[in-house]
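Starting from the known structure of chain A, arrange chain B on it as the hints suggest.
Now for the letters of each chain:
Protein chains: 2
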Amino acid sequence: MLKVWGFSELKPDQKIIEEEIFDIVKKNYRQFWYTPIETPGVERNEVLTAKWGGEVWNQILGVYWLAQWASDLKKYSLHFDLTVPFARYVLDYRGELTFPFKRSQIQKVWRWERQQRGRSREFYQADIDVIWEELEWKDYLFYDSEVINIWYKTYLEIFEKFNLNLKIKININNKKIISGFIGALGLWEKFTEISIVIDNKEKISAEEFENKLIEVCRDNSWIISTEELVQKIIDFTNFEANYENIDKLVNMVGNADLQSLQELEKWISELKTVLKNAYLLWIDKENIIINLWIIRGLDYYTGTIFETFIEWDRKLWSIASGGRYEDFTKHLDKKTKFSGVGFSMWITRFEDYLFEKMDMEKQAKTTSEYLIINFEQTIEESLKLYNNLSKTGKKVEFFPESDKLKKQFRYADNKGIKYCILLWEWELEKWVYTMKNMETGESEEISL
Amino acid sequence: MLKVWGFSELKPDQKIIEEEIFDIVKKNYRQFWYTPIETPGVERNEVLTAKWGGEVWNQILGVYWLAQWASDLKKYSLHFDLTVPFARYVLDYRGELTFPFKRSQIQKVWRWERQQRGRSREFYQADIDVIWEELEWKDYLFYDSEVINIWYKTYLEIFEKFNLNLKIKININNKKIISGFIGALGLWEKFTEISIVIDNKEKISAEEFENKLIEVCRDNSWIISTEELVQKIIDFTNFEANYENIDKLVNMVGNADLQSLQELEKWISELKTVLKNAYLLWIDKENIIINLWIIRGLDYYTGTIFETFIEWDRKLWSIASGGRYEDFTKHLDKKTKFSGVGFSMWITRFEDYLFEKMDMEKQAKTTSEYLIINFEQTIEESLKLYNNLSKTGKKVEFFPESDKLKKQFRYADNKGIKYCILLWEWELEKWVYTMKNMETGESEEISL
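Chains as they are written, first to last, in my numbering: chain A, 679 to 1126; chain B, 679 to 1126.
Looking at chain A on its own, in the form it has when it is part of the complex:
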């Protein structure tokens, strides 16, 4: 993909592919009644900054604010995602919406980024979310499975459409499982520190890893030894969880207070319910993996989280991520309580990958198949022929000027148009037109 000053730009072949992608996305979002909305490209800064506040927000987020001679400076900024605008939207129209409210939104968002592959300063997100008011507490856990299912189905169709030999693996987790496990070990206060160590696991040796954990956990007054605790954490990080074995996590805690264990059991059973419904809906077991360690970067979410990566140049790139969140309008209005679940597809990033991988030559060309040659003497009859061929669905173009034949043929050649159609006076007399194959040079007469 071309980047103009870090903003992406699409040429005809690419834009046609993008439209094909959006057609698939829209079809799937609609099929499950996630109705489309569109919000402005800009939001008031007080909305965009509500979660962070203070002066540093635009540094953190890389937001572009707008300035205009006639308006207050810095009153609006381009939105950096579609979730914050949606939160504002829900509050603005809450009286008119029926909850649970399912919406989809496909729009560009803008973020300040260094210029590099896989990142763009302007990119398309395709989001769906379902949200509800927490007037009476309901889990609506079914929706977690539904959105994963839509996501899976959508990417599957896109991969097939462009003959990408890619398997979709959805990484799924429930954020509460790891905190529940650490909590059940009695190490809740050390949670952040332990997370940082575990985050580095892949970069250090097993020995270093153990030593760092011991260091972090040492100063404790628990019943079992530090070494024992650390061993449990190591076992946890090595545990390859799946639907059948994930209950074992509870046994791995060992002795703990009943309440902590019940909490952990609850989060595990939540994840299993989501998985079970997903299997029932569409997704094969092999396409969804429990990954107890996808947490980072998804700080927005509070329960189920899911992410899909593609490998590109030995690096993993997320092409979609989502999850469940609680109380997502609280920064804009303390009195409301809305929760939901949803995801974003990173369309522009996926296209970055796609345009590099796919054989653009083999894709649908943006040119016609037939060029009708323009002769001044027979322009009326040629235009009639053009109209007739065009109405029967032929991919036909009309040369705009009764120019030298050589020049008209050159135009066809340059654009890769396969046939030129000639209707000159002597053809008219015979009541035929001539179709010239530009590749072979052969001509054929066809009756008018």
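Think of the hints as simulated: they come from the structure by calculation, not from any bench.
Note that the coordinates shown come from a computational prediction; the quantities given were computed from them, not determined experimentally.
Heads up, some of the hints might be wrong.
The list treats identical chains as interchangeable, and a pair is accepted whether it falls inside one copy or across any two copies.
Under the rule of at most 27 Å between Cα atoms (straight-line distance), these lysine-lysine pairs were calculated in the DSSO-like manner [what the hints assert, rightly or not]:
(1) Lys1072 - Lys839
(2) Lys1069 - Lys950
(3) Lys1062 - Lys847
(4) Lys693 - Lys704
(5) Lys853 - Lys1012
(6) Lys831 - Lys1072
(7) Lys704 - Lys839
(8) Lys1082 - Lys693
(9) Lys1085 - Lys910
(10) Lys881 - Lys854
(11) Lys954 - Lys1069
(12) Lys1093 - Lys1008
(13) Lys963 - Lys1093
(14) Lys879 - Lys1108
(15) Lys831 - Lys704
(16) Lys950 - Lys993
(17) Lys1096 - Lys704
(18) Lys1108 - Lys868
(19) Lys1096 - Lys1108
(20) Lys693 - Lys831
(21) Lys853 - Lys1013
(22) Lys1082 - Lys944
Using the frame of chain A, we list chain B on its own:
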């Protein structure tokens, strides 16, 4: 249409209609090989301001510039149209493009506007243009007819789709005819002043009009009297031109040097060629009117110009305008010479009108027709039924929680879902499901 701080916002029913409009637009643009491109939402200021320069550009244009902590202030702005970005695009990729190059572009643009009906600070334009290098001078007049034809066909389909009882009248002119006429009268130096008077014609009495013209033309050294000259101008402004009678304009000049008359003849014949080809392509004569006075506000164009208005609250609103332009990249690169012809459809303005006029109630609803009730005991079978119905194309939704039946029914009621489907244990035993009509209350058993 809703306006959030003057920027438009679409609710589900409206966004679905917008997508239907874009489907029609894209289909027609593609049919004539105007291939889609997409440029960033922003351009560098030096590109946007090239035509105007100086300090005042953002006041004139109402542009929003972007500011960002990490970048130079005021380096980029949101584009205010799609023509300037396209000029930059043509220069950037000229080596790769085959000319004449036909492109379409459907994107949002941003302009500072006071908040009012019919105007929005953010709106969609749907443009097509064909451009060519003026290495050897070619008129490519055919394209003027082609783009008018596409425009006509597109709006016709849109009007039909939404049952709008509107007739499309395309106002067409060639800007050179009026200047040619005034020039042939020998009044070229007075052209601007005369135009201003004529512009006010509708607002003043016939007597005042004549007096003002006399005032402007008096100080001359021509052969015929001022009164005679003024009478010719009055005759011109009263002349209702059409394809058959427009040649009379030449006679209306009277005595003049041969070259001036030949020039005027040429522009008239240019307009007639465009009309004739348009008739040959698609458009009925009654749908296209010569309007010798559409000039204002279209200062960009140099030859053929065309515009379509709708009447709304006794005011005429342009819903599309276009024309032919020469040398449209000269502000960005003096060495190039590109000319072209194209138009913009003002989609957001048209929607403003449409959403007010159309009966939204009668339009496609954004909800499903069937709601499958969620029973905890039979969730597996219910989900299977949901999958099966959904795969056969039924508009079906699944309630996300095994909640009180009353609440599930209420959700269907609120969303206007017509049928609820129940599959509880006793239904399973009988191997049926119950379909309850929410309007009549009647139930029916259907075999699984």
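- Quick check: which numbered hints come out false for this structure? Those not satisfied are hints 8, 9, 13, 14, 16 and 18.
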